[in-house]
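K.L.:
Could you put the whole structure together from the sequences, leaning on the hints where they help?
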Amino acid sequence: MLGLLGPNGAGKTTTLRMLSTALKPDSGQIHINGQDVVAKPLIGRQSIGFLSGSTGLYGRLSAKENIEYFARLHGLRGRALKTRCDELFEVLDMGSFLNKRAEHLSTGMKQKANIARAVVHQPDVVVLDEPTTGLDIMTTQTVINFIRELKNKGTPVIFSTHHLDEVALLCDRVCVIDRGVSCFDDSVENFKVKGQSQELNQAFLNLLQGVGHV
Amino acid sequence: MFEVFKKELLELVRDKKTLFFVLALPMLVFPVIMALVVFMSSQATLDAQQKVHTYYIVNEHHGENYAERVFYHKSFKKYDGDQRFSSVEELKQAVRNGTIDVGIYLDSDPKKALIEGKQANWQMVFNDAQSINFIYERLRSLAHELSDNLREQTLTALGVEKEKQKAIVQPILVSKVDTADKRENMGEKLGALIPYLLIPLVLMGASYPAIDLGAGEKERGTLETLLLTPVTRTQLVLGKFLTVLLSSLACATVTVLSMALWVSVAISFVRLDTVTSVFSTVTGTDFLLIFALLVPIAAIFSSLVLAISIYARTFKEAQNYMAPLSMGVFLPIVVSLMPNMELTAKTAVIPVTNVALAIKEIVKGTVDYGLLSMIVIASIALAVVLLAFCVHWFSKEEVLFR
Chain A
11 MLGLLGPNGA GKTTTLRMLS TALKPDSGQI HINGQDVVAK PLIGRQSIGF
61 LSGSTGLYGR LSAKENIEYF ARLHGLRGRA LKTRCDELFE VLDMGSFLNK
111 RAEHLSTGMK QKANIARAVV HQPDVVVLDE PTTGLDIMTT QTVINFIREL
161 KNKGTPVIFS THHLDEVALL CDRVCVIDRG VSCFDDSVEN FKVKGQSQEL
211 NQAFLNLLQG VGHV
Chain B
13 MFEVFKKELL ELVRDKKTLF FVLALPMLVF PVIMALVVFM SSQATLDAQQ
63 KVHTYYIVNE HHGENYAERV FYHKSFKKYD GDQRFSSVEE LKQAVRNGTI
113 DVGIYLDSDP KKALIEGKQA NWQMVFNDAQ SINFIYERLR SLAHELSDNL
163 REQTLTALGV EKEKQKAIVQ PILVSKVDTA DKRENMGEKL GALIPYLLIP
213 LVLMGASYPA IDLGAGEKER GTLETLLLTP VTRTQLVLGK FLTVLLSSLA
263 CATVTVLSMA LWVSVAISFV RLDTVTSVFS TVTGTDFLLI FALLVPIAAI
313 FSSLVLAISI YARTFKEAQN YMAPLSMGVF LPIVVSLMPN MELTAKTAVI
363 PVTNVALAIK EIVKGTVDYG LLSMIVIASI ALAVVLLAFC VHWFSKEEVL
413 FR
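Here the protein sequences come in this chain order: A and B. The first sequence runs 11 to 224 under my numbering. The second sequence runs 13 to 414 under my numbering.
Because the hints were derived from the structure by calculation, they are not lab data. We put the beta carbon where it would ideally sit given N, CA and C, even for glycine. Mixed in with the good hints, there may be bad ones.
Simulated coverage check for chain B against chain A, where a stretch passes if three residues somewhere in it have a Cβ under 8 Å from a Cβ of chain A [claimed, not checked]:
1) 124–137
2) 233–242
Okay, derived cross-link-like pairs now, SDA-like style, lysine to any residue, Cα gap no bigger than 20 Å in a straight line [what the hints assert, rightly or not]:
3) B:K28 with B:F17
4) B:K358 with B:L337
5) B:K18 with A:T149
6) A:K34 with A:V191
7) B:K178 with B:L167
8) A:K34 with B:E409
9) B:K104 with B:F88
10) B:K201 with B:M271
11) A:K34 with B:H404
12) A:K163 with A:F99
13) A:K34 with B:V243
14) A:K74 with B:R26
15) A:K110 with B:R232
16) A:K34 with B:L412
17) A:K34 with B:V403
18) B:K29 with A:R82
19) B:K408 with A:S37
20) A:K34 with B:R245
21) B:K18 with A:R82
22) A:K110 with A:Q132
23) A:K92 with B:E15
24) B:K130 with B:Y91
25) B:K86 with B:A155
26) B:K28 with A:L115
27) A:K74 with B:Y333
28) A:K110 with A:T149
29) B:K328 with A:G69
30) B:K358 with B:V388
31) A:K74 with B:L412
32) B:K408 with A:D36
P.N.:
Set out below in structure tokens:
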């Protein structure tokens, strides 16, 4: 589990968009399971699940219809689609609002539906772009639990965040980006060492000072 | 592609606002507005016909017979006030003041003038600014009757036989032999109006869903997730395009059907022989041809508004871009109404103008099927180019992530 850190405008979202094939990099390569996803973006999209704090749902579709739509776009059909969706509805406890239109759902319900949408095709890698930004405590906890669940299953997760407590809680590895360049990429323990502080916030600030940002 | 189309369609039919603009507006609101306009204008005409006008005649002794006819006409009432007028200027002032509605100035007795070889010059003074006015026609008609009688009496007294009188008064009779049949005549007028209503509606039917499917996706934050599905950009654009196209055609179809329904209802209540005869000559094939012409034009509009919508960052921004387009669509329609503008090989390739001209020809019953094919081919070619541009637009990062 990799935490992608950096100040605003550092290039975190751009990096994640490139990883998820929404943007094409000017140079370099991105491989997922040995496949060059820059050259074959459609294969890459089959392997990636993407979620951000600002991801929306189709308001005039129900939560169920939203998830099933994305499942079909990922090629799921018939029994396979039903089984997978039912599994997610149960795991995420979505039974009470499945058939409600997304425009009438609470933020927490929407984020649960969004999580289901992001992983309905059982991706090999999950990319999360500031998934808890702007969410209340309850909804944030839902997202944290979801990431923890992925970690337990061994699914690789890359997520960007400004909340270093989430990094402490979830990440094995940290990558720091500043002005489009990676300035640190190592374990959380080494992050503290390099940042000369056991406090992640302070270590982050020290690290950026070291590269002349602050 | 069909998954995208199915989903977009489902969302579209659940959108009350779009349904209102695409279905309710043409089905109910337009006919109600048209019925109101027809009712109000016919009411105004009826009022004008039934209105009784106050008149005053200067030098009544020059035309006692005429004065008597005006007196007994149901639409005129003699001025019974105390004021007296003696000149055209005074009559003008009285009309301006509202003292009288019409002043009649008889300069001489036509019988005496005729003996002297002169014409009597009778002047009708009234306010002609009103669009519906029957005053002049009625007074002139009464004067013409007298004039004709006087001429006949004089010529008879001179020994001219009645049969020869017409030839003497009018040695050359010019008459018009129109090769255009009734349908062609009415079609020229009616056929020019139909594109005015239909073409903007086709655009309107495309605009509302297009805004939702492009800029709306960006604003709601659903576009990025859609772009990350293993569906090609071409498939995504085609799915959205088909939805917009269907909505556009639905709007046009509902309008045509609703118009046909309301016209048939109106005709059953009011006998309008000319309109009935024109509509009875327009066949089902003609309606199908008009619809066939609307398909490529709807495709052009759908690609165009979808491209605009994809470029816009928000719903509001897209609406701002659509506004000048909605106004601009009238320009090529106006061009089709210009004098000497006909459907030719050249005009058949001018977008929108070509369809407007063709609809006119179809209603007139003088359509050239070769030119019609040219229009369809030219329009489809343009729609394909615009659609290709739309796909290109949808692949550009600078457009998608503005």
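K.L.:
Quick check: which numbered hints come out false for this structure?
P.N.:
The structure conflicts with hints 1, 4, 5, 18, 22, 24, 27 and 31, although it agrees with all the remaining ones.
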